[in-house]
Amino acid sequence: MFNMDWTGEYVAFIVFSAVIISGAVFMINFTKVVHMVVSLAAVFIGIAGMFVLLQAEFLAFVQVLIYAGAISILMIFGIMMTKHGDREAESKSRLHKIAAGIGAIALFGILFYAIRQTEFPAQEQPLHGAEDNAMEIGKLLFTGYVVPFELVSVLLTVAFIGAIVLAKKEANE
Amino acid sequence: MGTWLDETLTWGNALIFFLWGVILLAIVLGFVTYAIYFERKVIGWMQLRIGPNRVGPLGLLQTVADILKLLIKEDTIPRKADRMLFILAPALAYVPAFAVLAVIPYTQDLYFADINVGLLYYVALSGISTIAIVIGGWSSNNKYALLGGMRSAAQMISYEVPLVISVVGVVMMTGSLNLRIIGEQQGNWFWEWNFLPQIIGFVVFIIAAVSELNRTPFDLPEAESELVAGYHVEYSGFRFAFFMLTEYVYVYAIAALTTVLFLGGWHAPAPFLDFVPGIIWFLLKFSCIVFFLFWLRATMPRIRVDQLMGFGWKVLLPLAILNVFITALYLELFIKG
Chain A
1 MFNMDWTGEY VAFIVFSAVI ISGAVFMINF TKVVHMVVSL AAVFIGIAGM
51 FVLLQAEFLA FVQVLIYAGA ISILMIFGIM MTKHGDREAE SKSRLHKIAA
101 GIGAIALFGI LFYAIRQTEF PAQEQPLHGA EDNAMEIGKL LFTGYVVPFE
151 LVSVLLTVAF IGAIVLAKKE ANE
Chain B
1 MGTWLDETLT WGNALIFFLW GVILLAIVLG FVTYAIYFER KVIGWMQLRI
51 GPNRVGPLGL LQTVADILKL LIKEDTIPRK ADRMLFILAP ALAYVPAFAV
101 LAVIPYTQDL YFADINVGLL YYVALSGIST IAIVIGGWSS NNKYALLGGM
151 RSAAQMISYE VPLVISVVGV VMMTGSLNLR IIGEQQGNWF WEWNFLPQII
201 GFVVFIIAAV SELNRTPFDL PEAESELVAG YHVEYSGFRF AFFMLTEYVY
251 VYAIAALTTV LFLGGWHAPA PFLDFVPGII WFLLKFSCIV FFLFWLRATM
301 PRIRVDQLMG FGWKVLLPLA ILNVFITALY LELFIKG
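For the record, the sequence lines run as chains A and B.
Numbering-wise (UniProt numbering), the first sequence opens with residue 1 and increments by one.
Numbering-wise (UniProt numbering), the second sequence opens with residue 1 and increments by one.
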């Protein structure tokens with residue numbers, strides 16, 4: 001494990017892993033909702049860092065833009081409208097805690113086992129167009145996947161209009 | 001500079017990265033110090049005043065004295081504030097502001113990071129500062145701060161959309177999101193730079209950028225006369241200084257970005273002026289934009305909050321989208337056809 005080269009990439013991997021894991025743990029442990037959102041944003045940024053290490057820069061910065069930027073702000077906005085000192089009620093049932101612990105350990109065991117069992121194929125030839133992957137993604141979207149792409153945009157528009165209609169109805173009452 | 005990133009990380013390489021970071025930080029801090037001085041002087045002259053002239057020769061040390069004052073001031077944290085977020089917010093605001101500077105190319109060879117989605121990197125990271133401003137406003141536990149934070153978030157989100165869409169035209173013409181390539185591909189004569197072919201995009205970009213910077217006429221988040229000071233009312237000392245620093249670092253970043261995207265970056269305005277090095281041209285254009293921002297502040301009144309939102313969504317956004325369509329039609333009919 002420690003016979004790896006200490007490239008900048010490896011150091012960055014460790015840093016981003018630490019950010020993701022600690023962010024996720026804090027997200028669960030905090031009691032105030034705003035703190036949770038902030039640690040969630042840290043997780044999003046860590047994941048974006050992982051994408052950069054995997055040379056998917058486009059995906060990484062879209063992740064930062066949409067998840068860490070837009071969605072986090074949306075959540076904070078929603079929370080700020082509610083009570084300032086809102087806290088999560090502590091669950092008291094001990095049985096519940098033990099069951100949750102066992103579930104978490106079991107999930108970890110399954111995932112760990114699956115990862116150990118999987119044989120990763122040896123590095124194939126580098127992905128075509130890895131140099132400029134933003135352009136490759138664009139080409140794929142507008143040739144091979146143009147119908148799903150357009151459907152998704154229609155879906156988003158429908159959701160958008162639906163939200164406006166719902167908000168209007170509530171405002172009128 | 002890019003080749004170092006692939007090498008094994010030795011202490012020597014780490015030291016080089018660190019030193020370059022420190023150099024950039026020193027340059028940025030120097031810029032901020034004298035940008036504030038220059039801003040006060042320019043606004044003073046425009047209002048027939050003298051401006052700062054007491055501390056040091058010509059008042060040159062005025063900002064230094066102000067910063068020193070902020071640093072030795074008592075650091076107060078309101079008792080009812082959310083302590084952790086209150087402390088986190090200024091740092092969270094500043095880090096993205098400094099990080100976006102990494103992708104800005106100054107000349108052909110002088111740049112820090114050569115990322116193929118540099119423009120997207122800039123836009124994505126600058127969004128994180130918005131979170132910091134909202135958190136700063138919320139954690140202060142003060143209604144003026146909260147109002148300022150909310151206004152700021154609403155404004156930054158509304159204007160980020162036209163800002164991003166207005167540069168799509170430039171990206172389409174260049175065929176790349178890499179800022180270095182965008183700068184490189186602009187022609188040798190000044191009418192071949194992107195600001196003339198992309199005039200709609202350029203105007204939308206400038207307006208949206210001023211709004212992103214929270215500067216007059218869009219300085220609603222800190223409208224002194226209505227909100228006391230907006231999201232940073234409760235901050236004092238060096239935490240307040242960090243918020244101000246963030247604002248001026250974004251001035252630096254936006255001015256540099258505008259230069260690279262629309263004003264030909266390091267190219268001379270005419271081929272026979274090529275003997276002047278590119279960095280001088282870059283700095284000249286950069287200073288003009290910074291001056292333009294100060295000039296705006298001295299001349300424009302503040303607009304109302306409902307006008308602000310209406311203007312962003314109903315005027316700038318359709319214009320930016322129209323610009324994308326026109327660019328696409330032009331490229332399809334005349335360049336590729």
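Simulated from the structure, these hints should not be mistaken for laboratory data.
No experiment lies behind these values; they were computed from the predicted model shown.
Every residue gets a Cβ at the ideal spot worked out from N, C-alpha and C, and that includes glycine.
Take the hints with a grain of salt, since some may be wrong.
Each computed DSBU-like pair below joins lysine-lysine, with the alpha-carbon atoms no more than 35 Å apart [as the list claims (entries may be wrong)]: (1) B/Lys73 with B/Lys143; (2) A/Lys168 with B/Lys143; (3) B/Lys80 with B/Lys143; (4) A/Lys139 with A/Lys32; (5) A/Lys32 with B/Lys336; (6) B/Lys314 with A/Lys139; (7) B/Lys69 with B/Lys80; (8) B/Lys314 with A/Lys169; (9) A/Lys32 with A/Lys168; (10) A/Lys139 with B/Lys336; (11) A/Lys97 with B/Lys73; (12) B/Lys69 with B/Lys143; (13) B/Lys143 with A/Lys169; (14) A/Lys32 with B/Lys143; (15) B/Lys143 with B/Lys314; (16) A/Lys32 with A/Lys169; (17) A/Lys168 with B/Lys314; (18) A/Lys139 with B/Lys80; (19) B/Lys314 with B/Lys336.
Covered, in the sense of this in silico footprint (three residues per stretch, anywhere, with C-beta under 8 Å from a C-beta of chain B), are these stretches of chain A [what the hints assert, rightly or not]: (20) 53-61; (21) 64-78; (22) 153-164.
Practice task
Could you tell me which of the hints above the structure violates, numbers in ascending order?
Solution key: Those not satisfied are hints 4, 5, 11, 18, 22.
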